[in-house]
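**Student:** Here is what each chain is made of, one letter per residue.
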Amino acid sequence: MSNVLALIEVSHRGEMAASARGLLAAAATLGSPVAVVVSAAPLADDDVAWLGELGAVRVYAALTAAAGTVLVAPAVDALGAAIDAYSPVAVLTANSVDGREAAGRLAVRVGGSVLADVVQVRSDNGTVVARHSVFGGAYTVDSVVEGGLPILTIRQGAIEGQAPSATAAVDEAFLDTPSEGAAVIDGFNDDAVVSARPELRTAATVVSGGRGLGSPENFALVEQLADTLGAAVGASRAAVDAGYVAQTAQVGQTGVSVSPQLYVALGISGAIQHRAGMQTAKTIVAINKDEDAPIFEVADFGIVGDIFTVVPKLIEAVKARSN
Amino acid sequence: MKIVVLVKQVPDTAEERKLNLATGQLDREATDSVVDEINERALEAALRLKDADKGTEVVAMTMGPADAVQALRKALSMGADSAVHIVDDSLNGADTGRTAATLAAALRVTGFDVVLAGNESTDGRGGVVPAMVAEHLKLPLLGSLVSADIADDGVHGVRQGEGGTLTVRAALPAIVTVTERFPEARFPNFKGILTAKRKPVTTLSAAELDVPAGVSRTVVVATVERPPRAAGRKLIDDGTAADELAEFLVANRLV
Ligand SMILES: Cc1cc2nc3c(=O)[nH]c(=O)nc-3n(C[C@H](O)[C@H](O)[C@H](O)COP(=O)(O)OP(=O)(O)OC[C@H]3O[C@@H](n4cnc5c(N)ncnc54)[C@H](O)[C@@H]3O)c2cc1C
Ligand SMILES: Nc1ncnc2c1ncn2[C@@H]1O[C@H](COP(=O)(O)O)[C@@H](O)[C@H]1O
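Chains A and B, in that order, give the protein sequences.
At position 253 of the first sequence the residue is numbered 242 (our numbering), and the sequence of numbers has no breaks.
Throughout, our numbering is defined as the position within the second sequence, counted from one, plus 198.
Hints were generated in silico from the structure; no laboratory data involved.
Do not take every clue at face value.
As a list, the in silico EDC-like pairs of lysine to aspartate or glutamate whose alpha-carbon atoms are at most 16 angstroms apart [stated by the list, open to error]:
(1) B:K432 x A:D281
(2) A:K302 x B:D441
(3) B:K432 x A:D279
(4) A:K308 x B:E442
(5) A:K278 x B:D435
(6) A:K308 x B:E445
(7) B:K432 x A:E280
(8) A:K302 x B:D436
(9) B:K216 x B:E423
(10) A:K308 x B:D441
(11) B:K200 x B:D249
(12) A:K302 x B:D435
(13) B:K397 x B:E255
(14) B:K432 x A:E286
(15) B:K432 x A:D289
(16) B:K248 x B:D350
(17) B:K216 x B:D230
(18) B:K200 x B:D311
(19) A:K302 x B:E445
(20) A:K302 x B:E442
(21) A:K302 x A:E212
(22) B:K432 x A:D295
(23) B:K200 x B:D279
(24) A:K278 x B:D436
(25) B:K336 x B:D311
This one's a predicted model, so the numbers in the text were calculated from it and none came from an experiment.
Just chain A, same shape as in the assembly (with noise of 0.2 angstroms):
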């Protein structure tokens, strides 16, 4: 069977990414997974042993003094040099900061084109084409690769479900550091780990807060509701621009696209840009005291009413009900 590279990223402590597992799953429906993964150190047994349980067929651990030090080159260099081993029919990184720069180097290295942000892959009579959520959903696009590499950055969450389990060969190689044109990593700040909340790109409800939360104290009332019904917390651009909240929870054009089973916009007026991120959430729930507001729109259920009165019921009413 044909191989298909996916690049596994793995974090500066060693940690390898969560988005491995769509990665290899999209990688699993095209041909035969092989992992590529850039270490300083070789790779943990349990490490190539996880991998092989999300379906790699073979690990290309390449090692280099560079990972950690050198900015997304290390990946390029690596993902070049598999290339030349497994002739690949198709390459897939997450679309993440790293996983596009990666890709974008890539494509102009060998000759390649690339595919952003896919939400579906299929492999049709051997060619392989990429499905495209546009426009916050209002478009669903299929493109492909005409005449050289497709190179595909697979959104973050979309892909379900998990490729058969495997036991991963590992082919071991040594990568030199990349000397042109590389930037250069002084340090990693680490978010806090302040909770054990789903992550917001593949939770299956996500509470999310927008302005109308008037300041982060009250921003509160948002994770009380995510930590009742076990959501993850989203939020608005102008709750982020606001302080309240970090920017990674920004869902919406420029931020994060979510499609979860349950979607609550608190306090959230549903500018275009937000619903672009979220309205293809099977089920939409809105509190808006503002009855003209655009996120009733697309609200399965709204309702107009104050937030501050609304919530702390709905808390305790879904307690009631679910003890």
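Assemble chain B with the ligands onto chain A, guided by the hints.
**Tutor:** The following block gives chain B with the ligands in isolation, referenced to the frame of chain A:
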């Protein structure tokens, strides 16, 4: 220092954007065209350097159809010194690969110390063009920065990563992309609008740039429109709405 800012004209995100279902291409008639907000923030970063050091030269560059010159006029009225417009019928519907190859060729012509771009365009959302340009030019890319300190001895910045931020640096020349964490752009003032008319806009064609036709390209094979969402129930809270919502969530197995 010479800074080239890559600006893209995009359909206004405040309106309902449309694709042509037959070609998969953007329906340019459906919405107003504006300078992508992220590019205005990139330009603002360049203009702040110019405010601090008059020796800084700021060039706005775009590749786009004839009317994309409006995006350049806006950049000039905000304070850019000159502009470069790459316009050519053969670039119609160019994919990210061709766009990047063309921009890289034009950047070789203009020269620069720093290229500033947006981390991601609001129409394509590819977020790959600057990386491709960097690879063509064999230059470092400091992408998705939340802040940057740009000086003659290099760029130091903070990059938004997956589980936190990174402090990164590169020597010049370098390519830098900004995120929304960068400050909002200034509005053009009256003087800026007047002087913009006298500032030079250089036009370059694809033929002049001699961009080799790449072997690889992306092709859209199908475009399907999704039915719009319909509004559901809307209650005015009279004290019982929270209970009804809880009922609804339970009935739909959402809790
Ligand atoms: C290029 C571009 C990209 C953008 N990207 C994004 C994006 O990714 N995500 C995003 O969200 N936005 C984005 N925006 C911004 C967007 O246009 C809106 O400005 C933003 O979504 C508004 O956020 P909001 O709804 O929280 O604030 P507002 O529009 O101010 O709405 C606040 C709402 O809270 C309600 N409210 C106030 N108090 C209460 C109360 N006590 N009880 C109930 N309701 C109350 C009000 O009625 C109001 O409807 C983008 C804009 C641009 C130009
Ligand atoms: N046609 C273009 N003309 C000028 N700059 C562009 C063009 N396309 C992309 N860019 C730059 O690259 C950034 C990222 O775009 P993209 O890779 O398309 O998401 C944009 O914010 C611009 O700064």
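**Student:** A separate judgement is required for each hint: does it hold in the structure or not?
**Tutor:** For each hint, the structure was consulted:
| no. | hint | result |
| --- | --- | --- |
| 1 | B:K432 x A:D281 | 11 angstroms, holds |
| 2 | A:K302 x B:D441 | 8 angstroms, holds |
| 3 | B:K432 x A:D279 | 12 angstroms, holds |
| 4 | A:K308 x B:E442 | 14 angstroms, holds |
| 5 | A:K278 x B:D435 | 9 angstroms, holds |
| 6 | A:K308 x B:E445 | 12 angstroms, holds |
| 7 | B:K432 x A:E280 | 9 angstroms, holds |
| 8 | A:K302 x B:D436 | 12 angstroms, holds |
| 9 | B:K216 x B:E423 | 9 angstroms, holds |
| 10 | A:K308 x B:D441 | 11 angstroms, holds |
| 11 | B:K200 x B:D249 | 14 angstroms, holds |
| 12 | A:K302 x B:D435 | 12 angstroms, holds |
| 13 | B:K397 x B:E255 | 13 angstroms, holds |
| 14 | B:K432 x A:E286 | 10 angstroms, holds |
| 15 | B:K432 x A:D289 | 8 angstroms, holds |
| 16 | B:K248 x B:D350 | 13 angstroms, holds |
| 17 | B:K216 x B:D230 | 11 angstroms, holds |
| 18 | B:K200 x B:D311 | 5 angstroms, holds |
| 19 | A:K302 x B:E445 | 13 angstroms, holds |
| 20 | A:K302 x B:E442 | 11 angstroms, holds |
| 21 | A:K302 x A:E212 | 15 angstroms, holds |
| 22 | B:K432 x A:D295 | 14 angstroms, holds |
| 23 | B:K200 x B:D279 | 10 angstroms, holds |
| 24 | A:K278 x B:D436 | 12 angstroms, holds |
| 25 | B:K336 x B:D311 | 14 angstroms, holds |
Of the numbered hints listed earlier, not one is contradicted by the structure.
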